[in-house]
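Visitor: The whole structure should be built from the sequences, with the hints applied where relevant.
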Amino acid sequence: MGQPFPFSAIVGQEEMKQALLIAAVDASIGGVMVFGDRGTGKSTAVRALAALLPPMSANVGCVYACDPATEQQWCADCRARSEHTALKAHRIPVPVVDLPLGATEDRVVGALDIERALADGVKAFEPGLLARANRGFLYVDEVNLLEDHLVDLLIDVAASGENLVEREGLSVRHPARFVLIGSGNPEEGELRPQLLDRFGLSVEVRTPTDLGARVAVVRRRDDFERDRTVFIEHWKKDDDRVRRHIVKARARLPAIGVPDSALERAAQLCMSLGTDGLRGELTLVRASRALAALAGDAVVGDDHLRRSASMSLRHRLRRDPLDDTGSTARVERAVAQLFGPGTAA
Amino acid sequence: MSDADDEARWADAALAAALIAINPTGLRGACIRAPHGHARDRWLGLLRDYLPPVEPLRRVPVNVGDERLLGGLDLAATLGAGRAIAQRGILADADGGFLVLPMAERFNASTLAHIAAVLDTDTVVLERNGLASRTPARIGVIALDEAGDDEEPVRASLLDRLPFLIDLSGLRAKHVDATVFDADAIALARTRLARIRGDDLCEAVCSVAMKLGVASVRASIMAIRAACALAALHGRAQPTDQDAACAVRLVLAPRAAVLPEQAAPSETRSDPPPAPDESGRNEPPPSTAGESDPHDDGDESDRPDMPLDELLLAATVAAIPRGLLQRLRVQDSGASRARTDGRAGALRQSMRRGRPAGTRPGDPSAGIRLNLVETLRAAAPWQPLRRAARAPSLARRVEIRRQDFHVTRYRQRTQTTTIFVVDASGSSAINRLAEAKGAVELLLADCYVRRDQVAVIGFRGTDAELLLPPTRSLIRAKRSLAGLPGGGGTPLAAAIDAGIALAEQVKRAGHSATLVLLTDGRANIARDGSGNRERAESDARAAASRLRAASITTLFLDTSPRPQVAAALLAAAMDATYLPLPYADAASLSSVVKGARAPARR
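Sequences listed follow chains B and Z, in order. 1 is the number of the first residue of the first sequence in the numbering used here; add one for each residue after it. 346 is the number of the first residue of the second sequence in the numbering used here; add one for each residue after it.
Worth flagging that the hints you see were computed from the coordinates, not collected in a lab. The structure displayed is predicted, hence computed values, not measured ones. Be aware that a few hints might be false.
To be verified - Dumping the calculated SDA-like pairs for lysine to any residue here, alpha-carbon to alpha-carbon at most 25 Å:
| no. | chain 1 | residue 1 | chain 2 | residue 2 |
| --- | --- | --- | --- | --- |
| 1 | B | 17 | Z | 461 |
| 2 | B | 123 | Z | 748 |
| 3 | B | 123 | B | 81 |
| 4 | B | 123 | Z | 717 |
| 5 | B | 123 | Z | 505 |
| 6 | B | 123 | Z | 746 |
| 7 | B | 123 | Z | 705 |
| 8 | B | 17 | Z | 465 |
| 9 | B | 236 | Z | 467 |
| 10 | B | 123 | Z | 461 |
| 11 | B | 123 | Z | 419 |
| 12 | B | 123 | Z | 732 |
| 13 | B | 17 | B | 228 |
| 14 | B | 237 | B | 212 |
| 15 | B | 123 | Z | 745 |
| 16 | B | 123 | Z | 735 |
| 17 | B | 123 | Z | 750 |
| 18 | B | 123 | Z | 465 |
| 19 | B | 17 | Z | 561 |
| 20 | B | 17 | Z | 505 |
| 21 | B | 123 | Z | 720 |
| 22 | B | 236 | Z | 466 |
| 23 | B | 123 | Z | 431 |
| 24 | B | 123 | Z | 729 |
| 25 | B | 123 | Z | 726 |
| 26 | B | 123 | Z | 752 |
| 27 | B | 123 | Z | 731 |
| 28 | B | 248 | B | 296 |
| 29 | Z | 852 | Z | 811 |
| 30 | B | 236 | Z | 544 |
| 31 | B | 17 | B | 258 |
| 32 | B | 236 | Z | 811 |
| 33 | B | 88 | B | 57 |
| 34 | B | 123 | Z | 730 |
| 35 | B | 17 | Z | 752 |
Guide: As structure tokens, this is what we get:
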């Protein structure tokens, strides 16, 4: 696969980039769903994010890339090995795993290792994509076209953080904590509401309507295709800056204060919109915290809530099938009512 | 169509083939709209002639399976070798060449998504059957669109990635004889291409794209590449304005979604936009298309003082075929149809339709497919034992016994399309059109819960009209109903015919169809549009028995103030569940309907 397009060279699409950065800072946000027109750089942005992320520390020889720092979350294999020897750690790039549309269930969850079974008659587990995505990103392009039974499976695992395999006489459980990133074009089929709700953030991307931006998109794409190495070199500095930004924000994140007033505001906003359950509120607060961390602010304020409201809540509104007001408009209206008129991000 | 227009169309098509051949990595193919026949074969022949001999054209059948498309486990080799052996798929094999997709409009979404992913990333990602690999594959796609006027077009996700959308329908043999270019000239152009840059065109092309309402940025990029390829073809160092105009005409014009407000003044602008009732697609394109022959550079240079984007726009507008916008609106209304997979090759694939519901041990038989990978898995653990029991000469073979057989189970998709056929004639309007609309809206909410698709046919005056093709967008269903005016005659026969036609279409797509007919049953317009009540009634009865023969689940809601015997008889003739509406508010109507529907839908 060729080198990806640099993240910082993507023109516009601020909300999408913001959401991806939030997910990169706080993995517990629960994933990002990117809906949008064709040719708006959805998959480009996700692949670009992958190239940006700083490497992470992992146990050597562990297929699930268990984190040396969090022993209670280790896989069975790491635990067993640690009883005999001290495990070594190494730094590896954050995994970004593509879940292609035609992937079969066995490839996703893992299955009996056919080769070893045939050759040695051994019942061995061959980890699947969910194992490889542990602690990283699972990217599903055209997630709305994914087969239903795979969607069910993803929902289960994404919610529990653990993959349970019971098939072909195998009984395996292993950690599978990943940030689900989906992209899709709503015109090509709707996403089931249950899956949509699992995504922490949801962003909508549109084709830029301003000539200058469009010209810039076309120019940069053309330059990139012409000579990737030169282009990537040109944007390396900016990409490095974004990476440092993420690292700093991650370090700052635990110290960001969430005052009661902000929690109250978040609750008010969710109540006025009538979102189902607490997931919306939690996500809104978390996203605002990550935004504060990215901005270098010490506490969550109205501005952060305002800017993360749309992406945190728009996909959780109870849909009245006969009301054609867009969800985004409804969120923005509620935000304006609560925070007073201003520049909603 | 006049000969000159047809010749010009062919010249443009041939030019597109030449441009693809000049830059096969940048201009990744075309969509050819034409029925199976000479013109299409000629075009493919041209493309083959123009392309370097190493670039293969490879046909992909419409029902291609993922295992052939992407590759997977080579079972014969795996069994022979006793270890997993991967098999390359069509996509990987087609590296450096073009895929030809006949009946592209019938390919299912997931197949096209795989192809689109390879177009985007130049890589085949394989994650199946316990195999994982990435294989480089730089492919192009020639989509052959054979859709009829009333059928769904090729999926927009594919069209968005193809530079040229060419319509060859209606071309005669004499038009397509011209060879136009020679392969050596194209080979020479290919060598020149690397030095040509189209940066200067960027702004003008983007501006034209915006004015034409072409949303995707891909189209602009492809137009610039086409202009560069044109410059290479003509031996120029840089694309000229004429090259740009021609490229924009070829790439952007067929995608135009709006007519630009202020286009350059020229005689072509005097063409009025197509009247709404014009049949459209058979209309000739405006005459300037004939003048913009690829070899004729003089055309646009007559207006040298125009800014480039205006000039490009004028060229493009001239090339927008009349009726295109009309057609676009129709397409657009279908664009948000939730087209999930399983719609392609419907009847043929019916044995394996539905969501896989796992596998179970069992013998394959008619209609039940052996799941080879699961069978192999079941057999694997026993191999050492079985091998030991066998003669050593056969020891490397994998032994599969009958008890290892696993078959795939599928659960039938329960996607239902509810077709509302709503009587908006004068007699019904007086009675309870408003109430019926209210009931339909409540039913729509019900459909939303079950994620059914809905379609709306309205009838009044002399004809039935498809107001809303099957969609999951209930907002649009609501809007189309709200906008339904009342009044006029009751062309019941035409309405039933339209309902049957749509239901058959839905069935062909593999969904089940339910017809909800809301009428007072007082037919007074015959099939031929005449106002003869007797003939209208006999026509309606004939249509009703056709409906019965088609065995479509039907619900007949009598909207007249008092239940009519005639309506009940008609309902019986169509084997429908008959429901006279009591005087009731919309909510209780809906509850009656819901109650009646449950058994009707099995």
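Visitor: Next step is simple, just say for each hint if it's right about the structure.
Guide: Each hint, compared with the structure:
no., hint, in the structure
1, B:17 to Z:461, "holds (23 Å)"
2, B:123 to Z:748, "holds (19 Å)"
3, B:123 to B:81, "holds (20 Å)"
4, B:123 to Z:717, "holds (19 Å)"
5, B:123 to Z:505, "violated (47 Å)"
6, B:123 to Z:746, "holds (19 Å)"
7, B:123 to Z:705, "holds (20 Å)"
8, B:17 to Z:465, "holds (20 Å)"
9, B:236 to Z:467, "holds (23 Å)"
10, B:123 to Z:461, "violated (38 Å)"
11, B:123 to Z:419, "holds (21 Å)"
12, B:123 to Z:732, "holds (17 Å)"
13, B:17 to B:228, "holds (21 Å)"
14, B:237 to B:212, "holds (24 Å)"
15, B:123 to Z:745, "holds (17 Å)"
16, B:123 to Z:735, "holds (22 Å)"
17, B:123 to Z:750, "holds (19 Å)"
18, B:123 to Z:465, "violated (39 Å)"
19, B:17 to Z:561, "holds (19 Å)"
20, B:17 to Z:505, "holds (23 Å)"
21, B:123 to Z:720, "holds (15 Å)"
22, B:236 to Z:466, "holds (21 Å)"
23, B:123 to Z:431, "holds (21 Å)"
24, B:123 to Z:729, "holds (12 Å)"
25, B:123 to Z:726, "holds (7 Å)"
26, B:123 to Z:752, "holds (22 Å)"
27, B:123 to Z:731, "holds (16 Å)"
28, B:248 to B:296, "holds (9 Å)"
29, Z:852 to Z:811, "holds (17 Å)"
30, B:236 to Z:544, "holds (23 Å)"
31, B:17 to B:258, "holds (24 Å)"
32, B:236 to Z:811, "violated (55 Å)"
33, B:88 to B:57, "holds (10 Å)"
34, B:123 to Z:730, "holds (14 Å)"
35, B:17 to Z:752, "violated (45 Å)"
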